[in-house]
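A.B. asks: Line by line, the protein sequences give chains E and Y.
Letter by letter, the first sequence follows residues 19 to 348 in this note's numbering.
Letter by letter, the second sequence follows residues 19 to 348 in this note's numbering.
Keep in mind that the hints were calculated from the coordinates and are not lab data.
The model shown is predicted, which means the values in this text are computed figures rather than measured ones.
Chain Y regions said to be covered by chain E (calculated; three or more residues, Cβ under 8 Å): (1) 55–68; (2) 104–112; (3) 118–128; (4) 139–148; (5) 199–205; (6) 324–336.
Straight-line distance between alpha carbons at most 25 Å, and here's what the computed SDA-like set of lysine to any residue pairs gives: (7) Lys237/Y - Gly142/E; (8) Lys265/E - Phe114/Y; (9) Lys83/Y - His21/E; (10) Lys265/Y - Phe114/E; (11) Lys316/Y - Tyr51/Y; (12) Lys265/Y - Ala90/E; (13) Lys237/E - Ala90/Y; (14) Lys308/E - Asp79/E; (15) Lys237/Y - Ala90/E; (16) Lys237/E - Glu347/E; (17) Lys259/Y - Thr230/Y; (18) Lys237/E - Gly142/Y; (19) Lys83/E - Ala307/E; (20) Lys237/E - Ser115/Y; (21) Lys237/E - Ser313/E; (22) Lys237/E - Arg145/Y; (23) Lys265/E - Ala90/Y; (24) Lys265/E - Ser115/Y; (25) Lys259/Y - Ser115/E; (26) Lys265/Y - Asp113/E; (27) Lys83/Y - Gln20/E.
In this text, a Cβ means the ideal position worked out from N, Cα and C, and glycines have one as well.
There are 2 protein chains.
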Amino acid sequence: MQHQTIVFRNRPRIVAVSSVAGTKESEGVIGRYAETVLSDDMFGESTYEKAECKMLSHVIDGAIKNANLRRADVDMIVSGDLLNQIISASFAARDFSVPFLGVYGACSTMAESLAVAAALVDGGYCRRAVAATGSHFASAERQYRYPLELGTTRPPQSQWTVTGAGASLVAAEGDGVQITSATLGKVVDFGVTDVNNMGAAMAPAAADTILTYFRGTRKEPEEFDLIVTGDLGALGSRLLKDLTWEKGLDLSQNHVDCGEIVYNVVEDEFQGGSGAGCSALVLNSYLHAKMMAGSLKKILFVATGALLSTTSAGQGESIPCIAHAVTLER
Amino acid sequence: MQHQTIVFRNRPRIVAVSSVAGTKESEGVIGRYAETVLSDDMFGESTYEKAECKMLSHVIDGAIKNANLRRADVDMIVSGDLLNQIISASFAARDFSVPFLGVYGACSTMAESLAVAAALVDGGYCRRAVAATGSHFASAERQYRYPLELGTTRPPQSQWTVTGAGASLVAAEGDGVQITSATLGKVVDFGVTDVNNMGAAMAPAAADTILTYFRGTRKEPEEFDLIVTGDLGALGSRLLKDLTWEKGLDLSQNHVDCGEIVYNVVEDEFQGGSGAGCSALVLNSYLHAKMMAGSLKKILFVATGALLSTTSAGQGESIPCIAHAVTLER
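Start from the sequences, fold in the hints, and give me the full structure.
C.D. replies: Structure below.
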């Protein structure tokens with residue numbers, strides 16, 4: 019590791035993906051790329067939390083099946099989610115008789131789990147690992163904010179937690195998208211305390227990791243077809259571009275944010291999508307398809323997480339954030 | 019990885035440790051080995067959660083100092099805790115300008131973070147990583163059970179969450195305790211739904227990982243000076259010995275549980291200690307000291323975690339559990 023970046027010698031690859039999109043998430047472009055599209059966000063379950071867990075289990079199984087493998091062929095599941103004690107991931111892992119590494123990085127989980135899975139595969143510690151995460155609008159709302167039944171008015175700087183999940187099957191060999199490096203982020207806190215403004219809180223963490231990557235590796239943004247952040251939303255994306263511009267890095271040409279592309283029209287989701295499922299869904303449907311088709315050859319995938327809890331917010335703490343990045347090449 | 023076990027080719031080592039013990043935890047044998055002993059469980063902070071966070075920050079810094087290093091010499095912090103959104107670990111990591119991997123394995127976190135840190139160091143991805151976790155009786159009680167102010171009566175099968183923390187500095191070279199393998203656990207659920215009986219819920223997970231390790235590596239329990247579980251408590255330990263005995267593995271000679279040795283006398287803690295800090299404290303004080311002194315040469319350290327949340331318990335779910343193991347040699 020140099021300058022927080024691990025270069026993977028053996029280029030582990032994503033040999034299969036799977037994704038599930040909620041009803042609202044299926045209305046936009048993602049609906050054409052997601053493997054499974056829900057007609058009901060309860061997914062046949064009795065609670066939102068069980069629906070979220072089922073989505074995760076569904077995409078882990080989906081990635082395994084899409085790689086023409088069986089559960090027993092997988093050495094490891096690396097997963098986490100937004101719920102307290104990552105119950106979606108833990109309960110999903112119960113369905114599989116496979117070693118489980120629980121991770122918590124809030125909405126950065128897709129990049130964190132991909133980085134950990136890639137390191138374990140690259141180092142020869144396991145042949146195949148599944149990296150997966152997801153989120154559910156309704157379970158996140160009632161845990162972090164208010165019960166949906168209250169019908170609380172949302173402030174204009176808020177984002178909309180994506181109902182969706184995605185999984186990547188990382189293997190030592192095979193055809194697929196190569197994971198060539200991972201840049202592991204530091205916890206960054208600019209003192210933002212507005213829990214409805216995650217984009218502003220997370221943008222400095224994204225800027226820190228992106229600047230660290232480009233300075234450490236002496237690469238240029240132009241080498242990438244896309245620099246994709248996870249869920250900064252419209253406001254957070256603008257802040258990221260400003261923060262990096264101030265430091266001499268121009269992301270204006272090729273930066274997109276999964277939170278901005280996951281929804282079709284800006285309506286009640288205000289700044290766009292958020293949640294661990296946001297970048298997991300977009301990466302494991304739209305972006306993966308574009309890479310496999312050859313229209314995207316190299317992307318920097320940067321997922322950001324806001325590491326607060328309702329307790330820390332209630333105790334007046336600001337919001338520490340983190341961003342992990344992986345480079346994906348085809 | 020074979021049979022869930024990773025053998026570390028380069029034997030990464032724990033070159034320094036640090037630990038902090040709460041007031042109650044200092045009354046027993048651990049009080050003589052912990053690096054820092056609290057005279058007040060608030061640790062000078064205004065809330066239990068902030069005290070827990072400070073303990074974690076304190077031991078991470080302690081391990082770095084005990085290795086004669088500075089914060090900038092560390093490539094990675096791997097940490098997690100029991101609080102929602104692992105705020106203790108995330109907020110502690112804010113103090114360090116070091117890449118952070120958040121993990122969640124409930125009370126298995128010390129073994130999980132050690133395994134991840136060891137893999138990253140062994141694979142050459144980082145030179146030095148700190149693995150750390152902790153817990154606080156008062157923050158755990160109010161999050162998982164009842165506010166302390168209620169004075170709720172505890173059932174006899176319950177355990178007492180340890181106020182304490184521990185950190186291990188894992189490096190590629192140097193004098194210390196070698197981490198020779200890691201066995202990563204599967205999620206195991208025997209259908210226990212009593213949230214006051216964690217020992218019974220976690221014992222099958224411990225048995226599964228221990229049996230997998232011994233069968234997979236064809237080693238015998240006699241090769242180990244100790245087989246140490248994290249926080250099964252008195253009842254859970256007995257169940258573990260029964261479950262492994264049924265499968266032909268005799269742990270009766272050299273099994274101890276950190277939850278049983280952390281408290282001096284069985285009084286209001288009933289079955290003994292629990293919490294992520296339980297095994298972290300015992301490993302990074304007592305066990306490490308015994309290994310460095312040569313009175314323990316080889317131990318199997320198995321930390322177990324109960325992956326429930328108050329939401330899952332409220333929805334009638336049983337308690338999925340996990341156990342990760344590392345072999346430590348001197």
